[in-house]
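Chains as they are written, first to last, in UniProt numbering: chain A, 1 to 486; chain B, 1 to 231.
Bear in mind the hints are in silico, worked out from the structure with no lab data behind them. Every value quoted in this text rests on a predicted model; they were computed, and no experiment measured them. No residue lacks a Cβ here, since even glycine has one placed at the ideal position from N, Cα and C. Errors might be hidden in some of the hints.
As the list claims (entries may be wrong) - Computed far set for chain A versus chain B, every beta-carbon distance over 10 Å: (1) Glu-244; (2) Thr-257; (3) Tyr-327.
Stated by the list, open to error - Across the chosen pairs, the derived CB separations fall in these ranges: (4) B:Tyr-11 x A:Leu-111: 46 to 56 Å; (5) A:Ile-173 x B:Gly-37: 39 to 49 Å; (6) A:Gln-295 x B:Lys-10: 49 to 59 Å; (7) B:Ile-215 x A:Asp-226: 37 to 47 Å.
Stated by the list, open to error - Part of the chain B face toward chain A, derived, beta carbon under 8 Å: (8) Leu-50; (9) Pro-53; (10) Asn-68; (11) Lys-72; (12) Leu-79; (13) Ser-82; (14) Val-110.
So the chains spell out like this:
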Amino acid sequence: MIKKFIYLEWKAFTRSASFGKNLAMKILIGFIMLYFSLIFIAMGVGAFYILKEMKLEPLVTVNKFLIYYFIADLVMRLLLQSIPVLNIKPLLVLPFKRPTIVHFSLGKTALSFFNWIHGLFFIPFSVVLFIEGYDIAGITFWLLAIFSLIYINNFLNIILTNIDRLFVVFVGIAIVLGAAQYYDLFDITAFLTPIFHGFYTIKGLFLIPFLVLIGLYIFSFRYLKDNLFIDAGLSQKVDIATTENLSWLNQFGTLGTFLKNDIKLIKRNKRSKTTIVMSFLFLFYGLIFFGNTHQPVAMQIFAGIFVSGGFLFVFGQFVPSWDSSYYQLMMTQNIPYRGYITSKWWLIVIGTFVSTILASFYLFYGLEVYLTIVVGAIYNIGVNSHLVLLGGAFTKTPIDLNSGGGAFGDKKAFNVNAMLLSLPKIFLPVLLYGIGLYFDNKNLGLALVAIAGILGFVFKEKVFSLIEKIYKREKYSTINAYKQKS
Amino acid sequence: MIQVSQLSKKYNETTVLNISNLEIPKGQSFGLVGNNGAGKTTFFSLLLDLIQPTTGYIKNNDIQVNSNENWKSFTGSFLDESFLIGYLTPEEYFYFIGDLHHQNKADIDVLLAKYEEFFNGEILKNKKYLRDLSKGNQKKVGIIATLIGNPEVIILDEPFANLDPTTVSRLKKIIKELAEDPNITVLVSSHDLQHTVEVCDRIVALNKGEIVKDIQTSKETLQELESFFAV
């Protein structure tokens, strides 16, 4: 029975629109994944010696931060990890037993990237602990406990996935706990470190998370099984619709027509709403770089680009895929391509502008930091906005806006692959900024990046003609790719 | 109005459509019938420049569709649900299409009022997005949307499928009215011989991509077609 499922999964994987056609892209992503895996392994091996160097007891220190690690993991999962369920509806009426369907769906999540990635850190770390003379039984039990906790997160994500915006609560908890600890009001780690350390010292304590895990598995199994009906877990939530005119946009002519549509697109679909949340999170990306002496100075412009460009990277990346479900309509309507692209461009510009305003809290780090962000915004508007639109012509991954709702809906937005592909867009500004730094003049670096942005803006019409041409050339293969529902 | 010349579409080595010559004069109501895979949707997709022909071309009002986009301003079409924008309400969808044809809200309201009976109270002011409507109701929206902007060519793929009997008869009435207008060319495809015969002046039957019958509708047409397809 399971063999049949695996057969279906394999077919779904190899026949998806994005596979095969883009082998080069797959290889690139493969390399990037390999790179990050190696970094994780290196961290696992290195953590012990680095902490030793800092005169800290490695295991205790890791245990101390585990609570934040797990909260962060859960937040990441709620945002990014989709529940990979094969198309369940057609299976319901076939001679599959319902429990088999659910077991398989749950089992599949266990193999997810979000689970084994942790192994890349914890397993090398444990091996090093063993080599350094820690008790092997204790380490094994500790590792078992950690993995139980990771899988507890996995199943929590499944159960909690239907509750919107829950991740905000967890982010809030993490911030409150972190702040309380920082200001010495309340130290959660004081309570939890002994427990995490107990997994190592007290034999058998690991059974507690392990049993919790089994309990959670049974609970999610029952939950999904009970909801395996087309009017329950498999149903689509029906929203109460409100007609909005947004007639103030009429003054912009065709541009206004498209903007109206795009605003509704973002507001009314789960997937696109997530992009707004993600671009908001991007605002805080700079906190890693600014005022941090461990980071190379050249990376400040990197932060500047990302802080203002969150919307550009998460939304712009997928133009025109956002319109994939009705692309045939767009292609037969009386629509000038130029107007369509321009409206998307404006949307990106508005998004960048708003991000830049919101990022004004970076003034706290000084005028120069904020200037870096503003320069990043200029570059984003002038150059990167064109690059994402250009890239969009080749993306061709249909986005199923209508999905979402039921417990089985694949509603998670945000494609990690596309994120990685946006890396090239920041090499040029880092290079230009680096030139400025080479001459020991930060302002020169900023000026160079800004000039690049302004140049891009000056040649906007030229670039648009080029983009238009490419969109037209790609039209037929785009229509064909969008016909395949992922 | 529509000229087809040496048109063929091949996927790998399989020919799915091959029409050497076909002319549809202005004002005609044209019915395309055939079994599954006969090439009906392929023909309409070619006519709308959604796929590329392997050879030949189609001219819509003397505009070659795959080299000039001006046909879009006078052609209304609805092939399937992928012509609908799921997250809009029906009203917003009509206004959106209206905007693209430079029709204001009042123009659209006049048009919608005319088809209130066809909507049967299930479309407008129902607080539902298009994605949450039933297949039949989605179809109603798509069909009426093709009439926005006074099109001269109207293309409907399988308009009768998924509709309830009452709506089918109302739709037939609408198509007949359109067919009577000498400025409007209507193209309809269907599996249903009887419906097609009722609304069309001329019927072309496709089989495996080739035209096998081309008849002006008369009393005997239905019988002729039925005996042809009854194998």
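Okay, the hints, checked on the actual structure:
1. At the 10 Å boundary, the C-beta of Glu-244 (chain A) falls inside the reach of chain B, the nearest C-beta of that chain being 7 Å off.
2. Not every CB of chain B lies more than 10 Å from the CB of Thr-257 (chain A), the least distance being 4 Å, so the non-interface label is violated.
3. Consistency note on Tyr-327 (chain A): stated as away from chain B, yet its beta-carbon is not over 10 Å from all of that chain's, at 7 Å minimum.
4. The given range of 46 to 56 Å is broken by Tyr-11 (chain B) and Leu-111 (chain A), whose C-beta atoms sit roughly 36 Å from each other.
5. Here the CB-CB span from Ile-173 (chain A) to Gly-37 (chain B) is close to 58 Å, at odds with the stated 39 to 49 Å.
6. Gln-295 (chain A) and Lys-10 (chain B) have their C-beta atoms about 58 Å apart, which keeps the hinted 49 to 59 Å range intact.
7. Judged by the Cβ atoms, the range 37 to 47 Å given for Ile-215 (chain B) and Asp-226 (chain A) is violated: they are separated by roughly 58 Å.
8. For Leu-50 (chain B), the suggested interface contact is upheld, since its CB lies about 6 Å from the closest CB of chain A, less than 8 Å.
9. Taking 8 Å as the C-beta contact cut-off toward chain A, the hint placing Pro-53 (chain B) at the interface is violated, the least distance being around 11 Å.
10. For Asn-68 (chain B), the interface hint is violated, the least distance from its beta-carbon to any beta-carbon of chain A being 12 Å, above 8 Å.
11. A hinted interface residue such as Lys-72 (chain B) counts as satisfied when its beta carbon comes closer than 8 Å to some beta carbon of chain A; here the least separation is about 5 Å, so the hint holds.
12. Because the smallest distance between the Cβ of Leu-79 (chain B) and any Cβ of chain A comes to about 7 Å, under 8 Å, the interface hint for this residue holds.
13. A distance limit of 8 Å between C-beta atoms decides the matter here; for Ser-82 (chain B) the minimum to chain A is near 5 Å, and the interface restraint holds.
14. The closest approach between the C-beta of Val-110 (chain B) and any C-beta of chain A is roughly 17 Å, which is over the 8 Å cut-off, so the hint fails.
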